[in-house]
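Mind docking chain B on chain A? Use the hints.
2 protein chains.
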Amino acid sequence: MNKSKLSTDSYKGVRDFYPADMAVQNYIFETWSKTAKSFGYENYDASILEPAELYKAKGAENEEMVNEQTYTFIDRGNREVTLRPEMTPTVARMVAGKRRELQFPLRWYSIPNLFRYERPQRGRLREHWQLNCDIFGADDYTADVEVIALAYQLLIDFGATPDMFEILINNRREMTELYNKIGITDDGKINQLSQLNDRKNKISIDQYNETLVEILGDMNLATAVTEIIENISGENQVTKGLFDLDITNVKIDRSIARGFNYYTGTIFEIVDRHEENNRAMLGGGRYDNLTQMFSDEPISGIGFGMGDVTMKDFLISHNLLPNTVMLTAAKIKIIPTETEYNLDSQKIAQQIRARGISVDTAIGTKKLGKKIADAALQGVTYIIVIGPNELAQGKFTLKNLPLNTEETGSLEDLLTVILSNK
Amino acid sequence: MNKSKLSTDSYKGVRDFYPADMAVQNYIFETWSKTAKSFGYENYDASILEPAELYKAKGAENEEMVNEQTYTFIDRGNREVTLRPEMTPTVARMVAGKRRELQFPLRWYSIPNLFRYERPQRGRLREHWQLNCDIFGADDYTADVEVIALAYQLLIDFGATPDMFEILINNRREMTELYNKIGITDDGKINQLSQLNDRKNKISIDQYNETLVEILGDMNLATAVTEIIENISGENQVTKGLFDLDITNVKIDRSIARGFNYYTGTIFEIVDRHEENNRAMLGGGRYDNLTQMFSDEPISGIGFGMGDVTMKDFLISHNLLPNTVMLTAAKIKIIPTETEYNLDSQKIAQQIRARGISVDTAIGTKKLGKKIADAALQGVTYIIVIGPNELAQGKFTLKNLPLNTEETGSLEDLLTVILSNK
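Protein chains in written order, with the working numbering: chain A, -7 to 414; chain B, -7 to 414.
In case anyone wonders, no lab produced these hints; they're calculated from the structure.
Just to be clear, a hint being listed does not mean it is correct.
Heads up, the list lumps identical chains together, so a pair's fine if it works in one copy or across two of them.
Here are the computed lysine-lysine pairs in the BS3-like style, where the Cα-Cα straight-line distance is at most 30 Å [said to hold, decoys possible]:
(1) K4 / K173
(2) K194 / K4
(3) K26 / K323
(4) K387 / K(-3)
(5) K359 / K339
(6) K48 / K4
(7) K339 / K192
(8) K192 / K(-3)
(9) K29 / K304
(10) K232 / K358
(11) K358 / K29
(12) K173 / K192
(13) K339 / K362
(14) K181 / K362
Just so it is clear, the structure is predicted and the values come from calculations on it, not from any experiment.
In isolation and in its complexed conformation, chain A is listed as follows (with noise of 0.2 Å):
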């Protein structure tokens, strides 16, 4: 058969997870789940599926990411199913469907996977993982310093100083006052104005003071809307109490608009203060009501989002990526001089497995040198080579290969000398 051959490329857009690049996803996941638990926050996760009616119902201003980015499809029995672009609307599923049984307030976690059909674009990927946490029912203030502090601690357990980044406060309800302030009454123009500060960083100057103008139709109410946008001396109730935490790299930015429309209370981002990779790497806000698709009974939260691919930068920008991480060989390779003392080399490493070190064998065809050589490259710590005399002997060579040292001995006494280095 002269069949062409297939493409070994994955789909456009998505990732491959060789063990490298997966060791480098499990430690951010599991550094993410350990401060999360820390805080008291409880995993779910839910089906990348949903029915694509929970991401129609948030209303129009949606309309441009359910139809244009997001995996849509009809299913077999005629239902059109939504690959989860965001977690939100599934865990405001999840919450209301068990209102009654759960105990408020909830703090929750999830890293879910999520989908958005992006143009292809260098670096937008069209699927990532995020890491998301959010307290449900506690409207006091302290709940937003609580979510806002995990954050912080997040970006700590990772080796992170607070000199690295940032954490920008602002709150909507305090922006509808200072709008209200100077004039600004009408909760269309002030969405207008929020949406506008949204987009603030991917426009220039000019056409920011342009639409600016444009809204407001008036020169000095948009000299007044930059002046309370510019003002950086501001301070509440949220970030006095980070403070009182000693979480200090905080301040107020009045520009942070969040495009989600659900927040009613407090939004905040954190950025990265590191020159070439400026930009927000987490963002949340508080929301009064987001249960209301399902359910006339009203549950308040505050939560964030924080994404893998944003993290993984922010760790390399910083050289906070423990080389180490990488290493995901067995700790020891039994390597048999021949084939025929596999099922030996097996055995032995049964042995040792049952003391809890993790071991292979190289049962492969290659020559012996060549197997030492590979178990090198791999960064296997020890290596015991298994031949005729070694067996007949019940005597062994323990060769520690980044310190090129061995010892000779029985299993036991190899084993204790292993277990002793850690």
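Relative to chain A, chain B alone:
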């Protein structure tokens, strides 16, 4: 707005993982990972989105699966995409893609999320997770021994004993030899026999016998085939190797066929011996050239897959699921008597957390008694109530909820108590 409310149901045939469900799922995944790593298997993954052609390439026998049982759709860029129904084509793609850089033999594992379009039916899910373990580039029979020993150890590491399950082994090559010996040499017929055996447990004995005679067109030959299939006294290198590793709940079972046509040597299953759950819970086999659709250089391998639902059923039937797995609450809850002490509670929580203990705060608006009752319901071990007296005196009472004991002292004194109780 008198909008009708959305349903809180998930999409048909998929699961929501509330914290207690997720805790079980995490326990299963973590135990799987730990065992796989102890054998030196490295974790990998890929996106659930794959080019549809990956599943079409395997040939006609797969057409039903591809056409009727996968989620396949056309994306906005006119590409045909499939939600992966199994991991083997993906891992073959990845191994073939980097075959020049990888050090063989490779030992790889993954816990992919898989999707299959099933007609709605009790207990038939449209998505699940499946542990996949494979060794690539090792032709020796001791690779087969190792992979089966890993499957065995996976169950042992959940606390299973060997009497709870049985390992059934067959070999496609040996079957061909046995058929040849009684005069069946036609490959098509051997393939039909293999497919019939694969369905053996799904059809009646009468149906089985009728189909057997139909395929062979000869009663005597049918009797000879039945004798081969029913002979359980066989052994081979692989079963002997497993006995050498003290794995003895193993037998040759000539009726084991496994569905996939890519198997060429050893095939195996592990069956649950629980009377109410007597079914295959894990299956795998050896393939000579899995990467042939990508490359002319053959890469052999042996591996298996094991589903999360089957695993959970096994743990439940044999009472192997520890209750403690489901306890996901923080170890300590700080309970302010009034909301005005919420921020103080957050500060105390931060001090405790810095010592490596998980802790959260009852910052809701419920009455004190209700907050304490909620903490008990959630499975919190310790509570500390914070009010004006405690804050003024710097003395707190630590209550152990399960033991119903309490101690009073400075925060430092209480931390000593908590840390000494593990």
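Quiz item: Should K359 paired with K339 be assigned to within, between, both, or neither, using CA atoms and 30 Å as the limit?
Solution: within (21 Å within a copy, 62 Å between copies)
Quiz item: For the identical chains here, do K4 and K173 meet the 30 Å Cα criterion within one copy, between copies, both, or neither?
Solution: Classified as neither: same-chain Cα gap 50 Å, cross-chain 51 Å, threshold 30 Å.
Practice problem: Classify it for me, K358 with K29: is the Cα-Cα distance of at most 30 Å met within a copy, between copies, both or neither? | Solution: between (46 Å within a copy, 23 Å between copies)
Quiz item: 30 Å Cα cut-off: does K29 pair with K304 within a copy, between copies, both or neither?
Solution: Both, since 21 Å and 24 Å are each at most 30 Å.
Quiz item: For K232 vs K358, is the C-alpha pair at or below 30 Å within one copy, between two copies, both, or neither?
Solution: between (65 Å within a copy, 25 Å between copies)
Exercise. Classify it for me, K48 with K4: is the Cα-Cα distance of at most 30 Å met within a copy, between copies, both or neither?
Key: both (26 Å within a copy, 18 Å between copies)
Exercise. Give the relationship of K173 and K192 under a CA distance limit of 30 Å: within one copy only, between copies only, both, or neither.
Key: within (23 Å within a copy, 79 Å between copies)
Quiz prompt | Within, between, both or neither, where K194 and K4 count as close if Cα-Cα is 30 Å or less | solution = The answer is within: 26 Å in one copy meets 30 Å, while 40 Å across copies does not.
Quiz item: Given a CA cutoff of 30 Å, do K339 and K192 count as a within-copy pair, a between-copy pair, both, or neither?
Solution: neither (65 Å within a copy, 36 Å between copies)
Exercise. With 30 Å as the alpha-carbon cut-off, assign the pair K339 and K362 to within, between, both or neither.
Key: within (22 Å within a copy, 58 Å between copies)
Quiz item: When no copy is specified for K181 and K362, does a C-alpha distance of 30 Å or less occur within a copy, between copies, both, or neither?
Solution: Close neither inside one copy (71 Å) nor across copies (44 Å); limit 30 Å.
Quiz item: Between the shortest in-copy and the shortest cross-copy C-alpha distance, which are at most 30 Å for K387 and K(-3): within, between, both, or neither?
Solution: Intra 50 Å, inter 74 Å, cutoff 30 Å: neither.
Hint check: violations occur at hints 1, 4, 7, 8 and 14; the rest are consistent with the structure.
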